[in-house]
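Q: Sequence:
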Amino acid sequence: MQEYTTPSTLTVGDDVTTVTRIQQLRRTNPTMPVFRRLGDSGHWLTVTAQQFAEEVDAVAKGLIASGIAPGDRVALLSSTRYEWSLIDYAIWRAGATTVAIYETSAPDQVEWILTDSGTKLLIVEDADQQTRHGAVIAAADALNETLVIDGGAIAELYKRGADISDSILDACEEAAKSSDAATLIYTSGTTGRPKGVVLTHANFIAEAAAVRDSVGPGLNEGKSTLLFLPLAHVFARVIAVGCMENGVVLGHTSDLPNLVEHLGVFKPHYVLSVPRVFEKVYNSARQKAVDGGKGNIFDKATDTAIAYSRALDAGGPGLVLRLKHTLFDKLVYGKLRAALGGQCEAAVSGGAPMGERLGHYFRGVGIPVFEGYGLTETTAAVTANNVEHSRIGSVGRPVPGVSIGIAEDGEVLLRGPVVFTGYWQNEAATADAIRDGWFHTGDVGRLEDGYLFITGRKKELIVTAGGKNVSPAQLEDTIRAHPMVSQCLVVGDQKPFIGALITIDPEAAPGWLERHGLPADTSMEELAKNPNLRAEFETAVAEANAKVSAAEQIKKFDVLATDFTIDSGELTPTMKLKRNVIHDSYKVAIANLYS
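Numbering (full-length UniProt numbering), first residue to last: 1 to 595.
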């Protein structure tokens, strides 16, 4: 078996938890900024270590007064906001375990999580969430109470905990162990019931140290980042914990329509996101250029950025390329960097694979995107590219302490201090996932000089009627790079050829209609049949086909009038395709590709 390990000297003591860092800062650096929170006036207000520690204590006392004991589960269902992190740390301060629930979860998903975890207290964001899940909340046997953040939950917890002494909190801290469960994160479940992944305090601390040592100086003390990913997802959660552990100032926002405005004011040193957001940034910038009559300049600048980045890996750019790059830096690249606040040194992408072309583009404009790879079960990143060791197209080398193995069938195997020890109350699933000391990821990949390349998932591999194994990811990623494409599903299992379903990006549609002289009220059904749009998609398909063998190429595709969404159940909260759901919803459209 092929194997590669990045060594580490880190050891996490038995008595160390995620709360340890807060207590340390309270004693040694109480005025150190740890958060910036968006105030009612629209200004970002600094929260010091001392302020945060006191708020955490007050909320933790309220939890204890509410009947929460060490080891109990407290569920948190909210969008990304300062209170999420505050409550999370307060739960840990009380010795309890946070059950993270996506704000987009359907009631039946919430019911399963509350029931399976035995949640004792639920904290939701607003009255709408409480109403939406009212029936399942009432049916959860172990659940004693629901509090609402926008309904005064924090103030209520402060009030309840007023008579709880500091000694009770200190007793919780003394009894806590690094091996205690810090959180249950239920896998988003592209198939079947979600499983509760148990991550310990040691997992989080090891991950925070590994990411710091792997990614480099950008995530060190004094830097800042604006978090906008859902905190119920392990990637965002690790960012939050990692910022606290490493002294990075953290801001929160869930206002995605105004994200660019927030980035411009917050001025983060690092942007951490999923590939779809980087795709959106690029597509939006290109659309704006096209609408302003500068599409040709933007496309030339894009080609130059990609060529410049590729040249960095092949001996360096020549004089002509460097001159072109300098010109476009003034005309195009500088504006893109300014849109991110002007201080962004680099970005980290995780949660799903990012296309090689997009990676070269962002590095070429001066914002290198360091792609990493990980799963909920690995406390997020187990591999990462960085300044010193980067290979675009790969997901990097193992972070310190992690070993990667490639099984005979190509499956990626992992072990190390960031890997979980099991699923919540599910011994069968744990035994299936962890065998012979290795966590079996279900992903397929290869190792080159220690760099991991993910080529697909075992369960997603398409086997055509002719016996050809096809990984859909590369085809889908290339097609999705088109500004008018929202999602793409490649099909063809046990079929004579490969096909695809393509959806239209509703945000890009108005501009496209205007440029083509079509009415603004043109329906998505009409747009899906438009010959000019289909011709553009044919070009995108041809670009994807050029990267694979003839047997893997898409022979037919259809454009759908409806998009795949989280609300429809066709996407996970991190925008991964729920293939089985889409296959069921669009079985007629898929069948028509082969009729």
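Derived from the structure by calculation, the hints contain no laboratory data.
Glycine included, every Cβ here is placed at the ideal spot set by N, Cα and C.
Do not rely on the hints blindly, as some may be mistaken.
[As the list claims (entries may be wrong)] In the DSSO-like style, the derived pairs of lysine-lysine whose C-alpha atoms are separated by at most 27 Å in a straight line are:
| hint | residue 1 | residue 2 |
| --- | --- | --- |
| 1 | K576 | K529 |
| 2 | K177 | K267 |
| 3 | K223 | K288 |
| 4 | K324 | K288 |
| 5 | K280 | K495 |
| 6 | K288 | K335 |
| 7 | K587 | K458 |
| 8 | K288 | K267 |
| 9 | K529 | K468 |
[To be verified] Distance windows between CB atoms, simulated:
| hint | residue 1 | residue 2 | range |
| --- | --- | --- | --- |
| 10 | E536 | G450 | 37 to 43 Å |
| 11 | Q343 | K300 | 47 to 53 Å |
| 12 | A407 | S549 | 32 to 38 Å |
| 13 | S595 | K335 | 26 to 32 Å |
| 14 | A139 | T562 | 31 to 37 Å |
| 15 | E536 | S179 | 31 to 37 Å |
| 16 | N532 | L323 | 33 to 39 Å |
Q: Each hint should be assessed against the structure and marked as holding or not.
A: Here is what the structure says about each hint:
Proximity of K576 to K529 is assessed by CA-CA distance (about 26 Å); at most 27 Å being required, the pair is judged to hold. Taking the CA atoms of K177 and K267, the gap is near 37 Å; set against the 27 Å cutoff, the hint is violated. Between K223 and K288 the CA atoms are separated by roughly 30 Å; this puts the pair beyond 27 Å, and the hint is violated. Of the pairs offered as hints, the one joining K324 and K288 holds, with about 22 Å between alpha carbons and a cut-off of 27 Å not exceeded.
With a C-alpha separation of about 33 Å, the suggested pair K280 and K495 falls outside the 27 Å cut-off, and the hint is violated. A distance of roughly 12 Å separates the Cα atoms of K288 and K335; the hinted pair therefore holds under the 27 Å criterion. Note on K587 and K458: the hinted pairing holds, with a Cα-Cα distance of about 22 Å set against a maximum of 27 Å. Proximity of K288 to K267 is assessed by CA-CA distance (about 22 Å); at most 27 Å being required, the pair is judged to hold.
About 31 Å separates the Cα atoms of K529 and K468, which puts this hinted pair outside 27 Å; it is violated. Between E536 and G450 the C-beta distance comes to about 40 Å, which sits within the given range of 37 to 43 Å. A beta carbon spacing of about 27 Å between Q343 and K300 contradicts the range 47 to 53 Å that was offered as a hint. Look at A407 against S549: about 24 Å separates their beta carbons, and that is not inside 32 to 38 Å.
For S595 and K335, the hinted distance range of 26 to 32 Å is not satisfied, since their beta carbons lie about 48 Å from each other. Our hint of 31 to 37 Å for A139 and T562 holds, since their Cβ atoms are close to 32 Å apart. Between E536 and S179, the C-beta spacing of about 54 Å breaks the proposed range 31 to 37 Å. Judged by the Cβ atoms, the range 33 to 39 Å given for N532 and L323 holds: they are separated by roughly 36 Å.
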